[in-house]
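Novice: Now for the letters of each chain:
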Amino acid sequence: MGIIGTASERQHAHPPARADEIGEIELPDQDGVQHRLGDYWKESPAILVWLRHYG
Amino acid sequence: MQLHRERVALEESGAHLVLIGQATPRHAAHFRRRQGIDLPVLADEKRESYRAAGAKIATLGELLGPKVAAKGLVSSLRSRQPQGRTIGHPAQLGGAMIVRPDGSIAWSHMSEDASDNASPDEILAVLRQTSAA
Chain E
4 MGIIGTASER
14 QHAHPPARAD
24 EIGEIELPDQ
34 DGVQHRLGDY
44 WKESPAILVW
54 LRHYG
Chain D
580 MQLHRERVAL
590 EESGAHLVLI
600 GQATPRHAAH
610 FRRRQGIDLP
620 VLADEKRESY
630 RAAGAKIATL
640 GELLGPKVAA
650 KGLVSSLRSR
660 QPQGRTIGHP
670 AQLGGAMIVR
680 PDGSIAWSHM
690 SEDASDNASP
700 DEILAVLRQT
710 SAA
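From first to last, the protein sequence lines are chains E and D. Taking the numbering used here, the leading residue of the first sequence gets 4, the next gets one more, and so forth. Taking the numbering used here, the leading residue of the second sequence gets 580, the next gets one more, and so forth.
Everything labelled a hint here was simulated from the structure, so no lab data went into it. From the three backbone atoms N, C-alpha and C, an ideal C-beta is built for every residue, glycine too. The reader is advised that the hints may include incorrect statements.
As the list claims (entries may be wrong) - Stretch by stretch, here's where chain E covers chain D in the computed footprint (C-beta under 8 Å, at least three residues):
no.: 1; region: 593-604
no.: 2; region: 607-621
no.: 3; region: 626-635
no.: 4; region: 683-693
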């Protein structure tokens, strides 16, 4: 691990082909209410955006 | 927050837009208020979903290299909003993904460096194709 937690060697992003594992994850929202990610795409497509940071 | 501005178009396509950030729900709430958005923002303090999505940890060059710095400056000038304090793992990169109801991933763009972000236009184009299929 490098400075401020950076990777010492270049990595490549490797998204999966399916979101099954992602769908099982539960996360709280801004009010602390838990949400299962898979529920977002049960009925219609979902766009998931992972922010680099909140800044 | 380009995606938030395109939110109407995105939701008219029938898709749900979900933002996921690092750190705590309190930080997520502060982010929403500061950005003036009413989208739900989920807090993944352990970055479990980042790992599952294949998001990577950047090298120093991928965070601060000349290409990244130049794009960051242009972005800040356009939005008139300088980058605030980084909360969470400073080298964690993000990305975006469209998931179909059957759980397959129609499209993804996981960032290769700090300046590498998917454009809302690209996301909209894929969504329209996905909805038409």
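Novice: Take the hints in turn and mark each one as holding or not.
Specialist: Do the hints match the structure? See the list:
Coverage of the region 593-604 of chain D by chain E holds in this model, with 11 residues showing a Cβ closer than 8 Å to a Cβ of that chain against a need of three. A stretch counts as covered by a chain when three or more of its residues have a beta carbon under 8 Å from one of that chain; for the region 607-621 of chain D and chain E the count is 8, and the coverage holds. Judged by the Cβ-Cβ criterion of 8 Å, the region 626-635 of chain D is covered by chain E as claimed, because 8 of its residues qualify and three suffice. Counting residues of the region 683-693 of chain D whose CB lies closer than 8 Å to any CB of chain E gives 8, so the stated coverage by that chain holds, three being the minimum.
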